[in-house]
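Enquirer: Just so you know, the sequences run in chain order C and Z. Be aware that the first sequence starts at 1, since it is given in my numbering, and climbs by one per residue. Be aware that the second sequence starts at 808, since it is given in my numbering, and climbs by one per residue.
Hints in this document: simulated from the structure, not taken from any laboratory. Treat each hint with caution, since some may be false.
Stated by the list, open to error - Quick list of the computed label-pair ranges, beta carbon to beta carbon:
(1) Gln-856/Z x Gly-284/C: 37 to 45 Å
(2) Asp-239/C x Phe-908/Z: 38 to 46 Å
(3) Ala-57/C x Ala-844/Z: 51 to 59 Å
(4) Asn-280/C x Met-808/Z: 51 to 59 Å
Even glycine gets a Cβ: it sits at the ideal position worked out from N, Cα and C.
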Amino acid sequence: MDGLDDIVREFLVESHENLDQLDSDLVALEEQPGSRPLLSSIFRTIHTIKGTSGFLALSKLERLAHVGENLLVDLRDGTRSMDKPVTDVLLAMVDRIRMLLGAIEATGTEGDVAIDDVVARVEAVHAGVPLEAPAPEPASQEATTQDEVEQVDDEHVQQVEAPAELVAAAAGAAAPAPAAPAAPPAPAPAPAAPAAPAAPEATVPAQHPAPAAERVEEHPPTEEIGALRGVGDSAIRVDVDLLDALMRQVGELVLARNQISRLASATAQVDLVRSAQRLNLIAGELQEGVMKTRMQPIDNVFAKMPRIVRDLATACGREVALEVSGGDTELDRGLLEAVKDPLTHLVRNAVDHGIEPSAERVASGKSPKGLLALRAYHAGGQVVVEVSDDGRGVDTVKVAAKAVERGLRTQAQVDTASTADLLQLLFLPGFSTAATVTNVSGRGVGMDVVRTKVENVGGTVDVESTPGKGTVWRLRIPLTLAIMPALTVECNDDVYAVPQVNLLELVALDAQRGRSAIEYVHAAPVYRLRGDLLPLVSLAEVLGVAEPRDPGDPDGETSSVIAVVQADHHRFGLLVDRVLNTEEIVVKPLSPRLKAIGTYAGATVLGDGRVSLILDVQALGRRALIGELDAMARKDVGGIDAAHSGAAEQVLVVGIGGGRRVAMPLQSVTRLEQVRLDQVEHVGGREVVRYRGTILPLARLDRVLGSYGEAMDEELVVVVLTRRGRSVGLVVHEIVDILEDHSEQHSDIDDSGLVGSTVLGERVTERLDVRTAILAADPVFFDDRPEAGTAPDAAWSGIDDLVGAGR
Amino acid sequence: MSQYVTFTLDGTLYGIDVLRVQEALRSHTRTRVPLAAGDVAGLVNLRGQVVLTVDLRTRLGITDRLGEREPMMVVVKTGGEVVSLLVDEIGDVVDVGPESFAAPPDTLDPEMRAVIRGAHKLDGRLLLVLDVDQAVAA
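With the sequences and hints as input, model every part of the structure.
Expert: Here you go:
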């Protein structure tokens with residue numbers, strides 16, 4: 001019984017593969033109806049299924065395959081050619097075979113899958129042919145024909161086999177045959193192919209018995225049969241779970257190797273060092289070998305596309321030609337699984353949205369048939385997969401309008417956004433520009449899912465589009481999943497791993513210049529990297545592990561290295577304390593609870609046995625940069641944007657010592673400055689600094705709010721507030737972040753100088769009464785001297801409201 | 808008859824179904840997870856496997872383990888995942904019959920009520936039965 005089960009299982013696995021091949025062959029045959037190799041490949045597949053199902057007593061399957069085969073006989077005999085009706089019924093037959101296989105897999109029997117309708121359709125098409133022969137052959141005759149074919153095929157295979165070996169042997173011995181060098185080191189089908197064509201020249205003709213020779217005439221390209229044999233002989237099927245287990249174990253080995261290497265590097269024992277090196281080498285080779293076993297050509301995914309495109313083009317009333325290249329590009333099977341759905345989605349999207357109906361194409365001067373190109377290639381240690389179409393492109397105006405309509409962006413924001421930024425909107429959850437919901441798309445399950453899936457395996461997605469010319473979606477996928485090179489960094493005594501894929505370069509800040517090298521654009525810390533402004537993100541602050549800085553300690557600012565990383569389209573600098581090492585790390589899955597945090601891509605075990613979190617740079621960037629980029633964008637718009645005050649208001653969060661954090665509305669902040677303590681002068685008991693040609697009164701926010709204690713640093717961090725030419729500076733301990741403040745989270749707990757408190761970035765934050773703070777610095781600040789022609793400042797009226805509410 | 812692995816937290820005796828327990832260990836070095844919920848005590852390396860550690864004291868709303876002895880870990884399986892629970896001290900494995908079982912008292916504090924299935928009345932003390940899946944869930 002077990003034996004039979006095995007046979008059935010093998011039959012199922014094999015048939016599923018064959019059916020995928022059949023799909024693409026049928027579609028290809030429709031394109032070039034005269035292709036003998038395609039026809040014989042299709043014929044052979046159907047025949048195999050029929051033969052095996054007969055043997056396994058799967059009668060429905062056998063009958064279905066049988067009628068399909070009858071139709072194919074016509075095609076083979078040239079009594080009719082491949083046209084749309086034939087393709088349609090044959091594809092329908094393939095689908096029904098799939099259903100039957102599914103039923104067999106689930107229940108062990110063919111179940112109640114009906115085949116009569118499909119059989120009837122195939123027979124109708126078959127019978128509808130004006131045949132030269134008077135009537136369809138009786139079944140018995142048909143059967144004998146098939147037997148013959150089977151027999152002949154077998155003979156044929158044997159015949160080809162023998163000469164190929166002969167040639168190889170002969171070549172190895174003496175003859176400088178051109179095919180010889182390729183033949184011996186046998187990676188699957190490749191060597192068989194060159195060997196086979198070479199065969200006829202050598203010993204074949206003499207050895208071929210007559211019937212086989214006839215067949216050769218009919219099917220001149222013997223490559224396929226040769227290839228078939230090659231695969232069968234040089235490859236074995238391996239259980240995927242076994243491969244996964246192997247991969248895990250190799251992962252463990254790599255970890256143990258890292259550990260031993262570390263121990264060995266600290267010792268003077270020559271033997272240990274030598275053994276460690278050897279282990280290193282072997283582990284490396286083993287790792288590579290196991291990785292290779294898991295590599296599969298992306299063709300496995302591409303092969304399904306012709307069918308999908310055909311069906312979809314029919315459904316949407318489009319004419320689409322599919323062009324596939326780079327199908328032999330290899331990818332880890334886990335990754336292949338992961339990109340299958342996103343890729344299918346992109347292809348569907350391209351056919352449905354990208355490519356216009358023929359009439360529209362002709363009207364805009366294009367050929368009526370749209371071109372959809374799938375391309376895969378290696379670039380920079382990653383696999384790039386492109387889905388491009390020559391359709392109408394993405395209408396960014398429409399996208400922008402939709403974003404405003406949905407309240408995702410303000411009109412002002414989209415007005416200033418670049419085309420690339422607008423295209424990024426397509427990745428927002430639930431974003432769809434489809435005017436109507438078709439059965440293909442427009443259901444709001446969109447690019448965000450694609451992006452999430454691709455990013456889950458460490459890849460990225462981007463899109464380029466030229467209106468009227470077409471769209472290119474580009475997936476970048478790492479080659480392998482489980483083991484990846486990473487940089488380990490230290491942040492507040494914890495070690496984190498940054499995937500090398502995201503890493504561009506490292507910039508060391510020396511202790512003296514460390515702080516002055518970091519500047520601020522509006523509130524966003526930046527670093528001048530070769531003339532470009534690089535936004536900075538402090539890892540400790542994003543993770544919320546920053547210790548309240550001790551201003552008296554000159555080493556208070558510990559961040560000394562900027563890891564320049566790339567996430568999505570954004571480049572930013574991650575401020576870390578120290579860079580430790582580059583290591584090959586084994587990615588361990590995280591508990592779903594931790595995955596939900598979104599900041600970590602996984603965990604790993606370091607050489608010393610410590611667990612370390614792997615940072616998800618994309619997520620970090622998104623988490624930390626939104627505020628800063630918005631701040632930068634607003635700076636571009638020209639300062640204060642009053643339209644932004646709503647339920648969610650942007651606030652600048654500052655630290656005032658003693659672990660207290662205070663938030664003030666960002667729109668009240670003009671800029672952030674750093675002032676050296678020795679620049680501070682005193683005017684009548686008040687601290688002031690000379691600032692841009694005026695005198696800027698200062699107020700120490702910690703004193704205003706009654707939080708004394710820590711002595712001030714050499715450098716003062718000053719938040720400058722300006723109104724109608726008057727400015728005051730609030731001295732704070734540190735700039736924490738820019739965050740969204742949701743008014744529903746406000747609480748009434750307050751104190752003098754405050755207008756309640758709220759929870760920001762998972763910490764209680766006090767909300768500053770801006771008016772009180774300003775008055776502490778400049779008691780006459782709000783004494784309005786009427787100035788001719790000065791309109792009330794919208795931004796400040798907002799503040800006044802806010803202040804009023806606090807009273 | 809049911810078998811429970813017992814442990815104590817703040818002097819109270821708790822039990823976990825023995826079939827759910829993989830092992831009991833001395834506590835390992837933990838890697839903290841910034842931004843995680845308060846009861847996540849960190850990640851530990853359990854023979855190459857990265858395992859989430861939940862501090863049961865925090866989870867059950869018991870006071871911190873300040874100044875007390877080094878905690879122990881009970882490694883349990885839940886929903887295909889292996890999780891380690893930090894407890895004060897590991898006790899014995901006890902056999903109890905269904906007759907000693909009682910539903911949790913109504914006076915139990917709601918935080919506890921979510922994770923305690925009930926209590927077995929032992930000689931002289933109660934054995935609170937912990938719902939592992941609930942205790943580990945966020």
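Enquirer: Could you run down the list of hints and mark each one as holding or not?
Expert: Hints and how they fare:
1. Gln-856/Z x Gly-284/C: 37 to 45 Å: violated (23 Å)
2. Asp-239/C x Phe-908/Z: 38 to 46 Å: Because 45 Å falls inside the window, the suggested range holds.
3. Ala-57/C x Ala-844/Z: 51 to 59 Å: holds (58 Å)
4. Asn-280/C x Met-808/Z: 51 to 59 Å: holds (53 Å)
Checked against the numbered hints given earlier, the structure breaks only hint 1 and satisfies all the rest.
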